[in-house]
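*Asks:* Residue-level listing of the chains:
Protein chains: 2
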Amino acid sequence: MTGTPRRARRTPTGTAKGAPRRTGAGRARRGRPGYDLDALLGVAIGVFTERGYDGTTMEDLAAALGISKSSIYHHVSGKQEILARALDRALVGLEAVLTDAHASADPAVARLERAVRDSVATLIAELPSVTLLLRVRGNTEVERAALERRRRIDGELAELVTTAQGEGDLRPDLDPALVARLIFGTVNSLIEWYRPRDDTSPDLVADALCAMVFDGLRRR
Amino acid sequence: MTGTPRRARRTPTGTAKGAPRRTGAGRARRGRPGYDLDALLGVAIGVFTERGYDGTTMEDLAAALGISKSSIYHHVSGKQEILARALDRALVGLEAVLTDAHASADPAVARLERAVRDSVATLIAELPSVTLLLRVRGNTEVERAALERRRRIDGELAELVTTAQGEGDLRPDLDPALVARLIFGTVNSLIEWYRPRDDTSPDLVADALCAMVFDGLRRR
Numbered sequence: 002m003t004g005t006p007r008r009a010r011r012t013p014t015g016t017a018k019g020a021p022r023r024t025g026a027g028r029a030r031r032g033r034p035g036y037d038l039d040a041l042l043g044v045a046i047g048v049f050t051e052r053g054y055d056g057t058t059m060e061d062l063a064a065a066l067g068i069s070k071s072s073i074y075h076h077v078s079g080k081q082e083i084l085a086r087a088l089d090r091a092l093v094g095l096e097a098v099l100t101d102a103h104a105s106a107d108p109a110v111a112r113l114e115r116a117v118r119d120s121v122a123t124l125i126a127e128l129p130s131v132t133l134l135l136r137v138r139g140n141t142e143v144e145r146a147a148l149e150r151r152r153r154i155d156g157e158l159a160e161l162v163t164t165a166q167g168e169g170d171l172r173p174d175l176d177p178a179l180v181a182r183l184i185f186g187t188v189n190s191l192i193e194w195y196r197p198r199d200d201t202s203p204d205l206v207a208d209a210l211c212a213m214v215f216d217g218l219r220r221r
Numbered sequence: 002m003t004g005t006p007r008r009a010r011r012t013p014t015g016t017a018k019g020a021p022r023r024t025g026a027g028r029a030r031r032g033r034p035g036y037d038l039d040a041l042l043g044v045a046i047g048v049f050t051e052r053g054y055d056g057t058t059m060e061d062l063a064a065a066l067g068i069s070k071s072s073i074y075h076h077v078s079g080k081q082e083i084l085a086r087a088l089d090r091a092l093v094g095l096e097a098v099l100t101d102a103h104a105s106a107d108p109a110v111a112r113l114e115r116a117v118r119d120s121v122a123t124l125i126a127e128l129p130s131v132t133l134l135l136r137v138r139g140n141t142e143v144e145r146a147a148l149e150r151r152r153r154i155d156g157e158l159a160e161l162v163t164t165a166q167g168e169g170d171l172r173p174d175l176d177p178a179l180v181a182r183l184i185f186g187t188v189n190s191l192i193e194w195y196r197p198r199d200d201t202s203p204d205l206v207a208d209a210l211c212a213m214v215f216d217g218l219r220r221r
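If you're matching them up, the sequences are chains A and B in order. Okay, so the first sequence: first residue is 2 according to the numbering used here, each after it adds one. Okay, so the second sequence: first residue is 2 according to the numbering used here, each after it adds one.
Keep in mind that the hints were calculated from the coordinates and are not lab data. It is possible that part of the hints are untrue.
[To be verified] Examples of chain A residues lying across from chain B (beta carbon under 10 Å, computed):
#1 Val-188
#2 Leu-205
#3 Ala-209
[To be verified] Sample of chain A residues lacking proximity to chain B, with all beta carbon distances greater than 10 Å (derived):
#4 Val-77
#5 Asp-107
#6 Arg-112
Yeah, the Cβ is synthetic: ideal placement off N, Cα and C, and Gly gets one too.
Start from the sequences and build out the full structure, keeping to the hints where you can.
*Replies:* Laid out in structure tokens, this is it:
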């Protein structure tokens with residue numbers, strides 16, 4: 002995902018409706034009056050996050066959507082496909098952050114800082130689906146596949162930290178794996194406290210987070 | 002809680018058994034062979050975190066403990082008391098961090114840094130109960146009371162940031178409320194990635210976290 006996040010639109014239920022994405026995974030493919038697939042996913046993500054995937058039935062989803070179960074089956078094959086598409090929505094955005102970081106010829110520290118900014122933007126633009134992703138524990142095949150993609154993302158971000166340290170731009174006295182966890186622990190903590198209704202813009206959050214992480218809070 | 006965390010002991014189930022604390026809230030009061038109240042809480046916290054409080058029955062707890070329900074009732078009045086004591090275990094530790102911060106006459110930035118270190122130590126020493134606390138969403142009276150205590154802790158930590166900024170020791174260009182969320186978002190992210198089996202000691206984590214937060218990662 003590029004530097005400037007697309008603002009997530011809101012559906013009447015208050016659940017984020019995904020903006021268009023690079024791949025077609027989350028894009029509405031089959032038309033139907035009432036809900037398109039994107040809007041259906043938005044509502045389902047909210048229900049999964051609130052009740053947990055295991056605790057959610059197709060009946061619960063139908064009730065939250067105000068449509069029949071057969072209307073849901075018009076869009077997807079079942080609960081597992083909904084989860085797969087919901088997690089894909091978050092993962093596609095986070096993977097795009099790394100594609101951009103790899104495409105640049107800048108020093109690793111600049112690519113890392115950009116990856117941090119873009120991760121903040123993606124988290125805020127896709128807050129509901131990233132929240133779902135970060136709470137996945139691996140109980141099903143779909144969840145394990147998502148965790149595997151997440152691990153690959155985390156591994157590549159940690160490599161970027163190691164490279165930036167090797168290039169002499171990050172202080173050399175800290176373990177790069179621990180540093181990577183701290184940086185992206187800070188980024189991921191957004192799902193716990195950032196609320197779109199706050200008057201804190203995504204750019205303001207990214208600025209403050211990068212200021213703290215790269216330059217520190219102490220006045221010099 | 003003072004600077005040096007007491008190592009949590011492990012029960013055979015792998016759940017942390019609480020170390021003695023300052024107040025008596027989590028202390029075993031009624032003896033019984035097999036489980037004391039602390040060990041019972043340790044197992045219950047693991048089950049609550051895994052299945053969610055609402056999704057856990059007294060039957061589930063009895064099965065996890067390998068004792069009868071009436072043996073549980075020997076220790077506590079019911080599920081709600083178990084949750085209250087489990088959350089208290091985390092809250093007592095975090096509140097002690099602030100008591101220590103307030104007791105000192107040091108500049109606010111030094112008290113803040115110590116509060117960050119002590120919070121890291123408490124989180125690691127009480128990882129299971131703090132994990133439970135940070136996932137509480139306020140569905141019951143017990144949970145709402147815990148959230149209220151958490152909000153008070155967060156408010157006092159944010160005040161410490163504001164004071165340190167006012168004393169000129171923290172950079173003045175960042176919103177103190179946002180800074181407080183970023184600092185303690187970083188600290189709280191430990192529950193997502195810190196594992197006691199890692200060879201990363203609590204002190205090493207606290208050192209790296211404070212180095213990043215206060216001085217930044219960029220090499221100077």
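*Asks:* Can we trust that A:Asp-107 is non-interface, i.e. its beta-carbon lies farther than 10 Å from all of chain B?
*Replies:* Fine: 15 Å to the nearest Cβ keeps A:Asp-107 off the interface.
*Asks:* Should the label of A:Arg-112 as a non-interface residue stand, given a Cβ cut-off of 10 Å to chain B?
*Replies:* It holds; A:Arg-112 is separated from chain B by about 14 Å at its closest Cβ, greater than 10 Å.
*Asks:* Do the numbers back the hint for A:Val-188, that is, is its least Cβ distance to chain B under 10 Å?
*Replies:* 9 Å, holds
*Asks:* For A:Val-77, is the shortest CB-to-CB distance to chain B above 10 Å, so the non-interface label stands?
*Replies:* The claim holds: A:Val-77 sits with its nearest Cβ about 25 Å from chain B, beyond 10 Å.
*Asks:* Can the hint on A:Leu-205 be confirmed by a CB-to-CB distance to chain B that is less than 10 Å?
*Replies:* 7 Å, holds
*Asks:* Holds or violated: A:Ala-209 as interface residue toward chain B, Cβ cutoff 10 Å?
*Replies:* Status holds, d = 5 Å.
Checked against the numbered hints given earlier, this structure breaks none of them.
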